[in-house]
Amino acid sequence: MFENLMRWLNPSDVTAFKTEAGDPEAATLKRAQMQCVDETVDYTSYHLCAHDPVRQVVLCVGNNVPALLVARGRRQMLLQVPNCVRWIDCSIFSGTSSVLLLSPERLVLLDYAFHGISSALSPCGKRGVLFTSLHVPQGVTWGAVGCEDGTVMYWRLQESGSTQQLVWAALTTSTMNLCRPFFSAASSEWAPRGYVLSMNSCPSNPNTFIAVVAGAAGVCKWYLDENRLSRFFSLPEPQTGCGITACRYTPGASFVVAAAFDASALYIWAENGKKDKERSVALMWSVQTGCRPCSPVGGPDDEVVSSTGMYIAHSSDPPHGARSEKKSPLHFLLHSTCDIVELVINLEEKRLIQREDILSHIKAKILPLQCEGDESSSLDLCRVIPCVGPGYWLSEWKDSDLDTLLVLSEDLGPLLVRRSRYQRNVESAVPLRNVMPEPFPWDEMLLVSPPAEVTRAIWHGASLQPDPEDPWATVLACLECEGDVEGKGLQKEILLGMVPYSATGAVCFLPLTNECLPVPATVIEQNTAANARASLPTGSAVVILEEALPKHPCRTEFILRVLADEMGVSVNAVRFSPPHVEHIMTLSKEQLIFGGASVGDDGQDGEAEIIARTAKLADCRIEQRELTPQAFQLVRGGMSILLQLRNGNLVIVDLSGGVTGEGNAPAMVHYPGGLFPAGASVTSFDTVWMGRSCSAGSTGPVCEGKNSFLALFCTLSNDRGLIIWNMSDMQMLGYHREDDGRWSYDKVMLCSSTPRFSVSAGAASLVVRAPHADVSDGKSDPSAEKNSDFRGTVSFRDVFGRVIFAVELRWCAEPPGGLWYGRVGGTDTEWTLLPSSNSKDLRLSVVVSGGEVVVSADGEYTLRGVVTPGSRIVAVEVNPGWPYDALQCDLHAEDEQEKQEEERSRLRNVLGEDSPPDTTVVLWNGRKVHLYLAERLLSGEAPSNRMQPPVVGRGRSVEHVGVCMSLRVVVVMSRDANGWRWFNVLDLESGQRLAEHTMLCLCDENDLRLHTHYIEGSGLHIYVVGVSGALGHLIVSAESNVSDQLRLTAEPLEGIRHVPAPPTFRSYLQFLPPPPAVKQEQGLLKRLTTQSWEEAATKIETNVLVKKMEGAAPQHPRPDSIVERGRDGAVLSQRRSEREGSEERRGSRYSELKAVAARENVSVTEALQMMRENEVKVHERGEKISQIESKSRELAQEATTFEALARKLNQKQKNSWF
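Per full-length UniProt numbering, the sequence shown starts with residue 1, numbered consecutively.
Rather than coming from a laboratory, the hints here were simulated on the basis of the structure. One or more hints might be untrue.
Listed below are the simulated PhoX-like cross-link pairs for lysine-lysine, each with C-alpha atoms no more than 20 angstroms apart in a straight line [said to hold, decoys possible]:
#, residue 1, residue 2
1, Lys363, Lys326
2, Lys928, Lys747
3, Lys551, Lys616
4, Lys363, Lys274
For each label pair, taking beta carbons as the anchor points, the in silico distance ranges come out as [said to hold, decoys possible]:
#, residue 1, residue 2, range
5, Pro1073, Glu525, 33 to 43 angstroms
6, Met1171, Ser286, 35 to 45 angstroms
7, Ser588, Glu525, 25 to 35 angstroms
The structure presented is a predicted model; accordingly, all values stated were derived computationally and were not measured. Every residue gets a Cβ at the ideal spot worked out from N, C-alpha and C, and that includes glycine.
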């Protein structure tokens, strides 16, 4: 049937090929397997966060993922932390680069500017005991951790060389003993008895601690120096269920507040409330918050997770005359796992002034886009952190400090929420993403590498001009990153991702540091013309082709965009340097629709359809043939676009500026739908030059021979197979189809090692040699005079094949020796004498810059011309009647030419020096991917299926296919029923599977596209981008430790300073704002006897936490070799004397043990045990006596002070009548 429809087709050309997996000729040497490293940052895996208000950085921590630090301009740093560890809390020493992480097994100190763990601590002397909570008082570099057995252990920083280490203090507090009288008889339903759920300290006195202990109905308070129960803020009746889980002091330290596990109730006590004989303080007031009920996380057999948080701030506009917290309204921000509310409370009147449901406002902002307005959907909250401004101290917090919140949820990850207090609503709720989730087709993103000057300008603008519409810019402003605005060597590896005509600007990719930074739209508009829209008759233009040229490894010079609407097609080139949009041509509907019969075709609904569906670039240009029956020929050295029209026809349009002579229309060739099988349409197509003469590096009309032609590969609809055409001769070369559906492909891609488009240059060097003419006799007859004048033209073409300018040369043999003349601009310009050191050879230098061309001979500027701005030289050709010898031409392409030569040498190493470049045909549909050699498909032999095993597993669908010619690999991305993405890396020559990887974090995305970028020494970087802005990053390399090498060769946040936290609070205060003066409303005597914050901190560091716990050393100490050589002798002598004294004591000690054993009638071992117990008792008794003496001295000093103050007060009252 098909032969009857196409009678002119040779039946021998139609062959139905069968797959032969065992073809010996297809067997090649196997390549080494590659490693695939997933560098995707899954923000939904982070459940902890901390904000540094001084440096303004955000730290995010998750289980089994690197910790994430986000700084100015969304610069990111991944901190490697131990895997298989469950982190329960984190903290930042504000103003420094030190960070604390807490897991149930250990406390870790790391430095994000030092890229390493400084030290770690485990529960010392307590086997099987786990940590439960962490608290670091403000302004100090020590803190406390709670344990599940009720023990509170204290740690501090100790300087060891150039690093800081964690050490245990000898002091410990047993909250079990403190709260023993207050434990309820019923066991806890959630946490074991004694479990330290939460701790807090007094803002004005770090010596005062409070804690919530599981099983105790209330909050216990103790002083570190006394280490005994001071007060117990008790609840009126035993609480059912989980009770309270969080406690906190108010900013003025006048009240103690506790919250239930689901934030459904607040309990408030007066800090100086009256206590009974058991030191118990009665509840002042309880408030029902109205939060949504939720079940506790954890159980008796699980690890306990307390996700309840509470933050308290003063009112920015307190009532007139309100000087105390009791009279001024307080703002309480509460959150649980299922709700966030803010309460405004007046404690004096015990009145709830206002309640705001913040979570409902957040859902109204984000959930309609994700859950389609399902009101039953909820957010599972992990943590809520207020992002305070320049203020650091809790006692200075105002209600405005609670307007910017960092919310962590299991579904969205970090979410920055900006509130409007006056409107009582949420202004914005923006998740932390690499690509902003705007309503733009991010899957159509184009990855470009602009010139170095454009990259520096964009990087500088993005670093210094944060997007004013981005709320993250208000909380991320690490000042140390300003020194990195020039990139510091990263410009060569910076990529730019842009969406056609999007108003969101662009995205800046840094593959070496695994960063993705948003670029504001204003910066893109200032430095590029990428967002400019070309004018068309209608405003409904659609981008059908967008391609960055030239390809990797060269930098992008321009973006070719083809737009189509129902009236025509417009072709534009968006150039980066200088930034402008060059309009190439506009094709009308009458020019494209062959014959004009289908000019008025409309769509199914009566609306006009877009005239062109798809477009592809073709490496050719159309030239007319006048002496042959055929009217055209396709030659290399230019650029054309191959359009598929709405009626199914194909048409190739020359972009070099050639015209057909009919209405000044561009040269084009139509391929009507009748050339294809009846009932089938073209679903995908691609072109490639075939023939041995089209080798790598061929430019100009080199491939004009009979051995080279432009081949068109088309896949057909309805499982009609694959058809191959010779576009130059209008001849079908092959048609492949089988009844069993083996050729049911709908996508085709051709991968050739020959560069599709040559590298452009801004300068060229020419050498022209005069013809061999006998002019030595100097005769002047007419024939000799006629033969002594030779003329030729040198044409310079750009990447589109257009002649940007031409230099006409003339050589005159008269006078003897000959003279050279030249001119630019056509026959209207005058001839200019060209200087030449050798009359036979003419050396020319051509420079194109800024819309001007300068032609110099022997270093003298002689000829000038005007060209289109941004034009570059790609090919140099001579006219057909060239009278001189062969032209010698060298194009100066700067570093791009070197990169292309390296690329060609790499391909020669892969393919072999003598082997011709092969073209691989990649065919796929939704279920399978196959690779073939184009030469085999053109031959009459049965082609060999190059795939060894099936690429796509059962139950998966092919989503996207990409290619990297630098590594000669094909990347196949498929999706299974669970939404998991499977990546297969295949060898382009043999189909060997080199790597396979599964990505689980993008399950909710429907449309994903991949982009490949190869970096020498780093590997193949694969970026996966979705419509909603989701981003994945994979690295494929033959090196097993490619991820570690990246972190060693390219450090992110290079300008950030290494500022570790100092061991003392006085040194630490230099990084913090000045501490506020404590405002106390008590009388004169109370104010004079109250200890200041500095005095309390000094007392704790010098007296309370000065001793180390015996045997408690850092788990991962740093090597320290700071012992001076001059001290070695003294150290050795001291150790020797200590050893001799210990030997003498050992003899007397043994005699004493024998005497005790004989006297007590026990063994020596039992006597030793008795002596140790007695020593412990004596030591404890001595400590108690010393404490009593110290307390007596303090009481005596206080009594003396009280007496002096009383005397002064009495004298003041006597003289008050004056």
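Here's how the hints hold up against the structure:
For the proposed pair Lys363 and Lys326, the alpha carbon gap of about 34 angstroms is over 20 angstroms, so the pair is violated. Restraint check: the Cα-Cα separation between Lys928 and Lys747 comes to about 11 angstroms, which is no more than 20 angstroms; the hinted pair holds. This hinted pair checks out: Lys551 and Lys616 have alpha carbons roughly 15 angstroms apart, not beyond 20 angstroms. Using a Cα cut-off of 20 angstroms, the hinted pair Lys363 and Lys274 is violated, with the two alpha carbons roughly 44 angstroms apart.
Pro1073 and Glu525 have their C-beta atoms about 38 angstroms apart, which keeps the hinted 33 to 43 angstroms range intact. The hint said 35 to 45 angstroms for the Cβ distance between Met1171 and Ser286, and at roughly 55 angstroms that hint is violated. For the pair Ser588 and Glu525, the beta carbons lie near 31 angstroms from each other, so the given range of 25 to 35 angstroms is met.
In this structure, the hints that do not hold are numbers 1, 4 and 6, in rising order.
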